[in-house]
Structure formats: structure tokens, C-alpha cells
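Visitor: In short: position in the sequence shown from 1, add 9, done, that's this note's numbering.
Keep in mind the hints are simulated off the structure, nothing from the lab. Since no wrong hints were added, every one of them can be taken at face value.
FRET-style restraints, in silico, Cβ to Cβ: (1) Glu207 to Ser71: 36 to 44 Å; (2) Arg23 to Glu236: 29 to 37 Å; (3) Ser71 to Glu27: 25 to 33 Å.
Ideal placement from N, C-alpha and C gives every residue a C-beta, glycine not left out.
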Amino acid sequence: MTELGDFLQSRRARLTPEGTGLPTFGGRRRVPGLRREELAQLAGVSADYYGRLEQGRLANVSDEVLNAVARALRLDEGERTHLHNLARPPKRPVPAGRVRPGLRWLLANITGSPAYVLGGHMDIVAWNPLAAAMYGVDLDVHDNMARLIFLHPSSRELWTPWEDKANNTVGGLRMQAALHPDDPRMAALVEELSASPEFRALWAAHEVWTVPHGTMRLRHPRVGPLELAYEALPVPDAPEQMIITYSAEPGSPSAEAIAALATDGVALGTTGVGGGAE
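Please model the entire structure based on the sequences and the hints provided.
Guide: What follows is the structure, given as C-alpha cells:
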């Protein structure tokens, strides 16, 4: 089964004939969720055509068919994008990890909020000192978000709940992997992370995640609970990179805690730069 087939099968498994308005018949079903032919009926394509799509044997599938399948599977926007990327991987170069000087200067001037640049393979390729202080690690050493979440012992105490952060991280990594299906470095990273049983279970679920803003909660060992709003801002000329910023509500306990991290002189990674992978 291909990555595309695994993803489609996992989405079919979430649906039932009753929930989609299809007729049901007696007897025990051999597979969870919808059968291939039932999904094909909902999408308005032949069962043979859908079967070849799920097997990865359609090189020139149209947008119309992919959109029809997405509607039948009730995919959200991120899942729909992931489907298109799996069916027709965009021709993008493998990310090099270089960061423009202007972005580094920007991070250096963001002094009141943790901020960093997240690149391909979930690499943390540049950051300000407050980001290192927030995570409590040396980002010159621990410069990959997925490794930090699944392989660093402090992560399970830092994020609350850790399971949500882990699920979102794997979902983001899934989206990146679809853009570079033949990238050996991505394959090696997934193999390394698979030492974690939680990662293996989440990776097998084929969930994706593309939420550009929201709320993150931390339990910082030095300044206590933090509730921060995050924004993921794309870098226009580097499609694999995003500027991630965190901010607290003015006057809140979290704002006071962030201010303490910024002024107490113990921030880690004070150079504010990351090497990135070539």
C-alpha cells in the first residue's frame, strides 16, 4: 500500500454507511468504515477507478476527481491539501535550512516574545533567546522540534497536555513528508523517531495538522504555567519555513512570567541563531 492508499484507507475507516446516507444491509462487515466501492459511489467515480487511485496507479488524476473524493471523505482543508500533495507531489527542492540575514535580525529585535523559524524536517533553524528560555534547552543542540517532543525527557513535563503537542507535531511532519516523498533525510528522521511507541502510533494514524494560530499551554519549571497565543507566519520566498511567535495576553500571569524569562539573565541559546541542516 502506498502513502496515498494508507491515507485514503484511514479516512474511509472514519465513515459509516449510516453517516453518509448510503443503504445498509445485514451481515458482518469485514472492514471498518466504508468499503472502496461505497466511497467510489459517493465520489461519483467507478469502483475500479477509485481502486487504482488508492493503489497509487493513477499518475494524472484530475483536481475534479481529487476534490470529489475529498468531499466524499469529508476532509478538512488540511487533509484536502495533503490528499493533493500525496496524489501529485509538488516539485519542490529539498529544504536547505538556510535563513536570510533579515529574518535573523527580525528575531533579534523581537525581545518580548519567544520566536523562531521552523524549517523543513521540523528543524528549528533560527530563534531568539526567549524561545530557548521558554523551551529550557540549548537549541544549538536540540534543534529539531520532532526530536524535542518525542526524544527529549523534559518535553512531557513542559507541554500540557503533551499528547496534543505530540499529535500536532506528527501531523505537521506528515504534511512535510508528502512534499518530499523520496527525501532520505525525512525517512531517516521518521525511523529515528519510531523509537518512541507514541510516535509510531500517531504516525500510523495518518493525521495531518495545518493550524496557523491557536493557544499553547506550558508548565515551565522555573516560571510556572504559561498560556500563550501562537502565530505561524509563512516566509514568502522560503515555502518550507515559518516564523513562529508566542505572545501572552497583556497584564496576565503568563505575560509576567514571560517578562521574567526575558529579564532574569538565564536565557539559553543567547546567540539566537541556528545552524539548520543542509
